[in-house]
Amino acid sequence: MTAARLIINEIKGYHRFLKFLMVLVGLGALASLVRFIFGLGVTTNLNDTYPWGLWVSFDVVTAVPLAAGAFTLGAITHCFHIKKLEPLVRPAIVTGFLGYSLVSVGLLLDLGQPQRCWHTMVFWNPHSPMFEVSMCIMAYTTVLFLEFLSPVCEKLGYYLPLRVLRTLEMPLVVAAAAISTLHQSSLGTFFLIAVDKLHSLWYNPLLPLLFWISAIFSGLSIIILEATMTHKWLGQEDESELLETLARIIPWVIGVYILVKAYALFFLSEGPFFDRPRMLVLFGIEVLAGVFVPFFMFMQKKVRNNNRLRAIAAGLVIFGLVVNRFNVSMYGMIHEGAPYVPSLLETLVTIGIIAAEILFFVLIAKYFPIFEHHPETVDYSLPDKFRKVEKHGSVAAGA
Amino acid sequence: MSGDIKDFNKTGAFLIDMTKCTGCRGCQVACKQWNQLKAENTTFFNGEGYQNPPAMSEYTFTRIKFRDYQKNGQNEFAFYKEMCMHCNDPACASVCPVGAFKKTAEGPVIYDTKRCIGCRFCMVACPFGVPKYEWSKAFPLVKKCTGCYSRIKNGHKPACATACPSAITYGPRAEMLKEAERRIAARPDRYLKKIYGKEEAGGTSVIYLTALPFDELGFKPVTKRPLPSYTWQALRLVPGIFLTVGGSLSLLSWFTHRKDRLKKEEEQRTQSRKHSDQNQEKTE
Chain A
1 MTAARLIINE
11 IKGYHRFLKF
21 LMVLVGLGAL
31 ASLVRFIFGL
41 GVTTNLNDTY
51 PWGLWVSFDV
61 VTAVPLAAGA
71 FTLGAITHCF
81 HIKKLEPLVR
91 PAIVTGFLGY
101 SLVSVGLLLD
111 LGQPQRCWHT
121 MVFWNPHSPM
131 FEVSMCIMAY
141 TTVLFLEFLS
151 PVCEKLGYYL
161 PLRVLRTLEM
171 PLVVAAAAIS
181 TLHQSSLGTF
191 FLIAVDKLHS
201 LWYNPLLPLL
211 FWISAIFSGL
221 SIIILEATMT
231 HKWLGQEDES
241 ELLETLARII
251 PWVIGVYILV
261 KAYALFFLSE
271 GPFFDRPRML
281 VLFGIEVLAG
291 VFVPFFMFMQ
301 KKVRNNNRLR
311 AIAAGLVIFG
321 LVVNRFNVSM
331 YGMIHEGAPY
341 VPSLLETLVT
351 IGIIAAEILF
361 FVLIAKYFPI
371 FEHHPETVDY
381 SLPDKFRKVE
391 KHGSVAAGA
Chain B
1 MSGDIKDFNK
11 TGAFLIDMTK
21 CTGCRGCQVA
31 CKQWNQLKAE
41 NTTFFNGEGY
51 QNPPAMSEYT
61 FTRIKFRDYQ
71 KNGQNEFAFY
81 KEMCMHCNDP
91 ACASVCPVGA
101 FKKTAEGPVI
111 YDTKRCIGCR
121 FCMVACPFGV
131 PKYEWSKAFP
141 LVKKCTGCYS
151 RIKNGHKPAC
161 ATACPSAITY
171 GPRAEMLKEA
181 ERRIAARPDR
191 YLKKIYGKEE
201 AGGTSVIYLT
211 ALPFDELGFK
221 PVTKRPLPSY
231 TWQALRLVPG
241 IFLTVGGSLS
251 LLSWFTHRKD
261 RLKKEEEQRT
271 QSRKHSDQNQ
281 EKTE
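Sequence lines, in order, name chains A and B.
If you count the first sequence from 1, position 197 lands on 197 in the working numbering, and the numbers rise without skipping.
If you count the second sequence from 1, position 113 lands on 113 in the working numbering, and the numbers rise without skipping.
Okay, chain A solo, but in the shape it has when bound (with noise of 0.2 Å):
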């Protein structure tokens, strides 16, 4: 047999379920063909007024909190040295890996310029966000590989970069957390340029603070949705136990969080609050069932303990922060005319997106050791290649 008949073969095999998101992921990349074909003009409804839609609110500025699970966990696990929850992190880590590849192909399908991506590199401008986060999110992705190498050594028996990998785990973690601090925060110094344009709902000094901080709780939250999820139908360990722990860091943090943006809100916006009803709607949804709501059912021991109600609590700490950056870097852009409506192109690309992140994550649990990780029972040491030494520590015959 041939290896493409073997390849083909094997995705046969896969779950239906698979196959639809393979479908999602190739109609998302014919889409963005379209784009580089006949240009952002016909692919989106973007124009003049509306220079920024759906690929960078979602795929962008929504993304990449979404993929923040792998920085916290990180640093909760290994640097405040909570051993425990160290299996949740290589899933954390794989999330975050892919998490931040999309958004990097979502970067180069939406610059008008992709081929010269490269010229952050070359021409600082240390006064941009943009240089600033784009700088981060390469270092991040490169620091997410190296991470995810592990289980890729593991499972193709590399030992001498398992060693070095090892080594690197802690600054690695630091590092991760240092750089993530960044960009996360930047993505809401995008906005604090849009002085007069951004509603004061949302529009305050804090709005960087304010994006790190949601960052945290959203990144726990989704391991939370995904450890629940991936339990549940891709049959791995039930992580009850450690989710419970995660679940009561939560609410410390949305916590925080609410003080800091009633702290803003109240006493550092300039502007009307109530002169629009539409974004009064938009704010109240957010904030109501995207914060308080969570935050009241993580405080009670009742939902943390919950598997069902857990992973509701978090499913809406999700929802308020997709809500809370499209409101930043769409709806609340104060715009006269038409409103902006993604178009269908537009739409299956980002539905490519999002299919692709879940569709990778899958087939790299099939195939990689990411959920059955006890670091203390990998080999790092390295092989004895010369048979030297024999397996039961006498020395072998030939000498």
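Check the hints yourself; a few may be wrong.
Have a look at the derived ranges for each label pair, beta carbon to beta carbon [as the list claims (entries may be wrong)]: (1) A/Phe274 with B/Leu251: 45 to 55 Å; (2) A/Phe145 with B/Glu267: 32 to 42 Å; (3) B/His156 with A/Tyr263: 53 to 63 Å; (4) B/Arg225 with A/Pro126: 54 to 64 Å; (5) A/Leu6 with B/Glu267: 46 to 56 Å; (6) B/Pro54 with A/Ile351: 28 to 38 Å; (7) B/Arg236 with A/Ala3: 52 to 62 Å; (8) B/Lys137 with A/Glu86: 46 to 56 Å; (9) B/Glu106 with A/Pro339: 39 to 49 Å; (10) B/Asp112 with A/Thr49: 16 to 26 Å; (11) B/Lys137 with A/Asp196: 22 to 32 Å.
The hints are simulated quantities; they were obtained by calculation from the structure and are not laboratory data.
Beta carbons: idealized from backbone N, C-alpha and C, even for Gly.
Add chain B to chain A, keeping to what the hints say.
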């Protein structure tokens, strides 16, 4: 970025006296000619009023907006010339990740087509909505008024200022401001007692005099603070935050790991002591 220009008195500036504008749109034509911009298909009254084309675009860098109003029972026109304001401290230049925009010492804010990566942050940042995009192209670039930098460098005035028969004066910014103040003082009944562009967005190289309130003509209400300062107040903290987070997490993990190591060593010691005790018991 405005870089090392500290004195904006000598940068070239447009003084546009809207009360003297006749709405001939010679400036629009001159702009298209000098910049070799395509004509746009237009129809009357497809926008807010008489103005054409309906908006600035990749083909239209400047445009006269018409506003009809009544004065002493008579229909009158008021005008507003839309164009790049060539800010002293431009938002577009500060947000551009590759520094494609530059405020020149001569006055114009210029754009380097060879650097641009097409992220459109300049369009989001500009408080006046000036940069436009080549939406029809597969690999689009940004388009905006160049301030006729190529003409100015060779000692000419900008194309629109040259074509305008009545309203546009071009010269050093300080002189233009002085002239504007002189005109307001000389004919207080004719002018609104405010100079748009003197302080808007931290000061611009295009300054306006009008008879009608600015917002009625379509001028955007804009902050007086230079826009880059809004993002810089957060961005300047970046190196500090990086070192603080990195440093404190390193310290924290050093402590927690040390505690762990000591605990393990302690366990090992007690275990080996037990072991040796047992051995002793055995030998005894």
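Requested in this report: Determine which of the earlier numbered hints do not hold for this structure and return their numbers in increasing order.
Outcome: 4
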